[in-house]
Amino acid sequence: MKFADVLPPVAAPAPNPVISLAYGSRSLCSHGLSRSNYRLALQCYNGPVIFTGNRSAKVPPLKAGFWESIRSGFMKNNTMQVVESPPTALEEEELLPEEFVLVEKILPDGVVEQIIFSSGGDVDVYDLQALCDKVGWPRRPLSKLAAALKNSYMVAALHSMRKSAGEEGNTEKKLIGMARATSDHAFNATIWDVLVDPSYQGQGLGKALIEKLIRSLLQRDIGNITLFADSQVVEFYRNLGFTPDPEGIKGMFWYPRY
Numbered sequence: 001m002k003f004a005d006v007l008p009p010v011a012a013p014a015p016n017p018v019i020s021l022a023y024g025s026r027s028l029c030s031h032g033l034s035r036s037n038y039r040l041a042l043q044c045y046n047g048p049v050i051f052t053g054n055r056s057a058k059v060p061p062l063k064a065g066f067w068e069s070i071r072s073g074f075m076k077n078n079t080m081q082v083v084e085s086p087p088t089a090l091e092e093e094e095l096l097p098e099e100f101v102l103v104e105k106i107l108p109d110g111v112v113e114q115i116i117f118s119s120g121g122d123v124d125v126y127d128l129q130a131l132c133d134k135v136g137w138p139r140r141p142l143s144k145l146a147a148a149l150k151n152s153y154m155v156a157a158l159h160s161m162r163k164s165a166g167e168e169g170n171t172e173k174k175l176i177g178m179a180r181a182t183s184d185h186a187f188n189a190t191i192w193d194v195l196v197d198p199s200y201q202g203q204g205l206g207k208a209l210i211e212k213l214i215r216s217l218l219q220r221d222i223g224n225i226t227l228f229a230d231s232q233v234v235e236f237y238r239n240l241g242f243t244p245d246p247e248g249i250k251g252m253f254w255y256p257r258y
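Numbering-wise, the UniProt record's numbering puts 163 at position 163 of the sequence shown, and it's gapless, one number per residue.
Rather than coming from a laboratory, the hints here were simulated on the basis of the structure.
Among the clues, some could well be false.
Computed Cβ-Cβ distance ranges for the label pairs, DEER-style [unchecked claim]:
hint, residue 1, residue 2, range
1, GLY120, ASP184, 29 to 35 angstroms
2, LYS163, LEU240, 29 to 35 angstroms
3, LYS150, PRO256, 36 to 42 angstroms
Derived DSS-like pairs (lysine-lysine); straight-line CA-CA distance at most 27 angstroms [said to hold, decoys possible]:
hint, residue 1, residue 2
4, LYS163, LYS105
5, LYS144, LYS134
6, LYS105, LYS150
7, LYS105, LYS173
8, LYS105, LYS134
9, LYS163, LYS173
10, LYS105, LYS144
11, LYS212, LYS163
12, LYS212, LYS150
13, LYS134, LYS150
14, LYS134, LYS207
15, LYS150, LYS174
16, LYS174, LYS134
17, LYS212, LYS174
18, LYS207, LYS105
19, LYS173, LYS207
20, LYS212, LYS144
21, LYS163, LYS134
22, LYS250, LYS105
23, LYS134, LYS212
Note that the coordinates shown come from a computational prediction; the quantities given were computed from them, not determined experimentally.
Even glycine gets a Cβ: it sits at the ideal position worked out from N, Cα and C.
Model the full assembly from the supplied sequences, consistent with the hints where possible.
In C-alpha cells:
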C-alpha cells in the first residue's frame, strides 16, 4: 500500500479531483479535502472514500477466506501458524475484545512473534512519529499528534511482540500499524491516518486493520463511515466493499486561499 505524503501549506492551487466511494444501499453526504488542507485535518490522503451502511445493520461476518489470505500472506516460511478461527454466528453479535492476538509465528532464530490488534489502549506519540517516518510522511508537531490521538473516537493499532526463547526471554514491543476514527458518537465516523510499517506491508495486515476497525465501529452502532484515500489505494478499499460516487454524490472540500 502506498499512501500520499502530507504536504505543507502552500498558495491554494486548483483542487485535486475528488473520488467518492460508498458501501451499502443508501448514501449520505460526504466531505473531502485537498492536499492544501492536510495541515488542518491531519489528513494523509487526497480523495474521499465513503463507507455508508444502515445504522442498524448487523456486523458483517469475517469469512474464512479473509483469515486464509492473512495466513498465506504473512506466514511464509515460518514454523508455526496461529490465526484466530472465523467467528461463529454468536460471536458475530459480540463486541470485539479491545486486544487480541491476530497472528503468531516462530522466527528462524527461535523468537516468537505475535501481531496484536488493539482498539482500546493508548498509542505512544513517539512510536507513532517513528512509524510515520518509516512510511515517509513529513513530521508533524508532537503536540498535535497527541491531541489528534486524544480526541479520536477510536484508535486501532497493530503491535509486534517478540519474545526470546526461554521463560525469561526479553520481550520487545513495536508499533507496526495504526488507524484512527473520529465520530459524532451517534451516526458518523471518519477514518484517518491509516499506515502500516513497510516491512509488514503486502501481508494482509492493512486489510485486517481496516476490516476490524469498521467492524468495531458498526458494533457501536456507527453506520456511516468515511475515509480519504489516495488514488493508488482506491482499489484496495473497493475490494473491501467501497463503491465510487454513490448515486452521483461527490466529495466537497474547503481550503484556505492565502
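Okay, the hints, checked on the actual structure:
no., hint, in the structure
1, GLY120 - ASP184: 29 to 35 angstroms, "violated, 20 angstroms"
2, LYS163 - LEU240: 29 to 35 angstroms, "holds, 32 angstroms"
3, LYS150 - PRO256: 36 to 42 angstroms, "violated, 25 angstroms"
4, LYS163 - LYS105, "holds, 11 angstroms"
5, LYS144 - LYS134, "holds, 19 angstroms"
6, LYS105 - LYS150, "violated, 32 angstroms"
7, LYS105 - LYS173, "holds, 15 angstroms"
8, LYS105 - LYS134, "holds, 23 angstroms"
9, LYS163 - LYS173, "holds, 9 angstroms"
10, LYS105 - LYS144, "violated, 36 angstroms"
11, LYS212 - LYS163, "holds, 25 angstroms"
12, LYS212 - LYS150, "holds, 20 angstroms"
13, LYS134 - LYS150, "holds, 22 angstroms"
14, LYS134 - LYS207, "holds, 19 angstroms"
15, LYS150 - LYS174, "holds, 20 angstroms"
16, LYS174 - LYS134, "holds, 13 angstroms"
17, LYS212 - LYS174, "holds, 20 angstroms"
18, LYS207 - LYS105, "holds, 19 angstroms"
19, LYS173 - LYS207, "holds, 21 angstroms"
20, LYS212 - LYS144, "holds, 26 angstroms"
21, LYS163 - LYS134, "holds, 23 angstroms"
22, LYS250 - LYS105, "violated, 44 angstroms"
23, LYS134 - LYS212, "holds, 23 angstroms"
Of the numbered hints stated above, those contradicted by the structure are hints 1, 3, 6, 10, 22, listed in ascending order.
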